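Asker: The chain contents come next:
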Amino acid sequence: MWEAIRVTLLLAAVTTPLLLLLATPLAWWLAKGTGWFRDTVAAVVALPIVLPPTVLGFYLLIALGPHSPLMVVLQPFGVRTLAFTFPGLVIGSLVYSLPFAVQPIRNAFEAMGPRPLEVAATLRASPWDAFWSVALPQARRGYVTAALLVFAHTIGEFGVVLMIGGAIPGQTEVVSIRIFQAVEQLNFAEAHLISGGLLAFSFVALMIMLVIDRRFGARSAGIRP
Amino acid sequence: MIQVDLSGTVGDLTLSVRFEAGAGLTALMGPSGSGKTTLLRAIAGLERLSGRVQVGDAVWQDADRFMPVHKRAVGYVFQEPSLFSHLSVEGNLDFALKRSPKTVDKTGIVDLLRIGALLPRQVERLSGGERQRVAMARALLSGPELLLMDEPLSSLDQSARAEILPLIRDVAERVPVLYVSHDPLEVARLTGQVIYIRNGRLAERPAVTLEGLSQAEIEALAMKALGS
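For the protein sequence lines, the chains are Z and R, in the order given. 185 is the number that the working numbering gives to position 185 of the first sequence; each next residue is one higher, with no gaps. 135 is the number that the working numbering gives to position 135 of the second sequence; each next residue is one higher, with no gaps.
No wet-lab data here; the hints were simulated from the structure. Accuracy of the hints is not assured; some may be wrong.
As the list claims (entries may be wrong) - According to the in silico footprint, chain R covers these stretches of chain Z (three or more CB under 8 angstroms from chain R):
1) 133 to 144
2) 203 to 209
Claimed, not checked - With a straight-line Cα cutoff of 35 angstroms, these simulated DSBU-like cross-link-like pairs (lysine-lysine) come out:
3) R/Lys106 with R/Lys71
4) Z/Lys32 with R/Lys98
5) R/Lys98 with R/Lys71
6) Z/Lys32 with R/Lys102
7) R/Lys71 with R/Lys102
8) R/Lys71 with Z/Lys32
As the list claims (entries may be wrong) - Here are some chain Z residues pointing at chain R (derived, C-beta under 8 angstroms):
9) Leu10
10) Arg115
11) Arg124
12) Ala125
13) Ser126
As the structure is a prediction and not an experimental result, all values here were calculated from the model. Built from N, CA and C at the ideal position, the CB exists for glycine as well.
Taking the hints into account, I'd like the entire structure generated from these sequences.
Answerer: Right under this line is the structure:
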């Protein structure tokens with residue numbers, strides 16, 4: 001059980017910062033862009049919300065398996081397959097939780113509107129400078145929401161990790177799979193313990209989000225007239 | 001000396017304006033939708049019109065180049081105060097000060113706009129008039145060669161206006177100001193240099209109409225006309 005908890009927490013701790021980094025340029029572009037191409041990309045980014053995790057996991061398994069074009073590219077570097085490995089799990093988690101990172105950050109950038117950046121430009125801030133000194137701090141609530149959502153979502157992952165991770169104890173077995181296996185072995189005591197822990201964790205995560213929303217809600221939606 | 005010769009289309013509006021302005025405050029007047037704000041934004045580089053803008057010796061744009069907003073020595077006071085909500089009052093001022101290419105007398109500007117007591121405050125806790133004073137100070141701290149003001153008093157009540165109006169006159173003694181307004185009384189109290197715009201073009205000075213003005217406003221106009 002502790003092995004599974006360790007792997008799960010590690011997975012969430014690696015996925016969350018990586019995904020925030022990855023989602024930032026994407027969310028920025030989606031917030032500022034226009035046209036059908038942007039809508040197409042927005043739909044693709046949102047796909048993991050509606051897609052059955054097993055479908056996503058299946059395609060990821062193919063993509064990370066030894067015969068995929070991606071692995072052919074990586075083969076000269078000594079990587080034959082990422083299926084059933086921890087790095088493979090991370091990649092799966094990144095894709096699976098992508099919309100949960102992009103959406104809140106994109107919303108925060110959109111809520112800010114163009115004015116703060118115009119003001120920054122008239123105060124001699126270059127676009128790059130303005131992004132760091134104005135856009136990011138103004139969008140901080142979006143980042144906190146995104147981080148909590150991604151972390152919690154990764155902790156609760158099941159279908160995708162089962163497909164591409166294979167539940168190898170100590171490497172790719174996470175808590176949600178551990179629960180499934182405990183129940184299969186009629187080990188209800190362990191299933192109760194982990195399930196109860198996850199329930200408490202999810203509740204606390206949501207409470208934190210609500211409190212943050214209330215506390216910073218009034219002042220992070222951009223410029224106040 | 002400010003030389004502006006801009007033309008182009010933004011949205012439904014076709015603009016073609018050419019004028020020069022000197023030191024002090026020059027008012028840009030005209031009915032709403034006449035293109036005053038668009039013109040101001042284009043001078044700042046926030047809107048792209050073709051033509052030429054020169055402030056002092058610096059050419060901000062001409063046929064060959066278009067200097068981006070952050071490279072223009074421009075200060076801009078927007079209609080609504082637009083302070084950064086993630087920074088305190090002092091944080092807002094320092095944002096400008098840090099990026100100013102020349103040394104600016106922060107204490108002098110803080111005193112000029114009488115915002116010394118506000119420095120540690122959060123932006124949300126300020127009144128409308130206080131916010132606009134901070135916005136003016138912030139614009140000055142970026143070391144502008146030209147200050148653009150887009151109806152900075154329009155969202156304020158009478159007492160806040162009365163308080164800020166003389167400050168704007170003081171500011172205009174330090175840096176040339178282009179001041180957009182549609183309020184003839186406000187402009188009458190600020191300057192005699194007025195440029196009129198109608199439908200995106202320069203227009204003749206319209207006849208003053210007293211209809212709808214209060215007794216006090218008519219008296220103020222009369223006093224102005226009498227030169228006192």
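Asker: Just pull the numbers of the violated hints for me, sorted ascending.
Answerer: 2, 9
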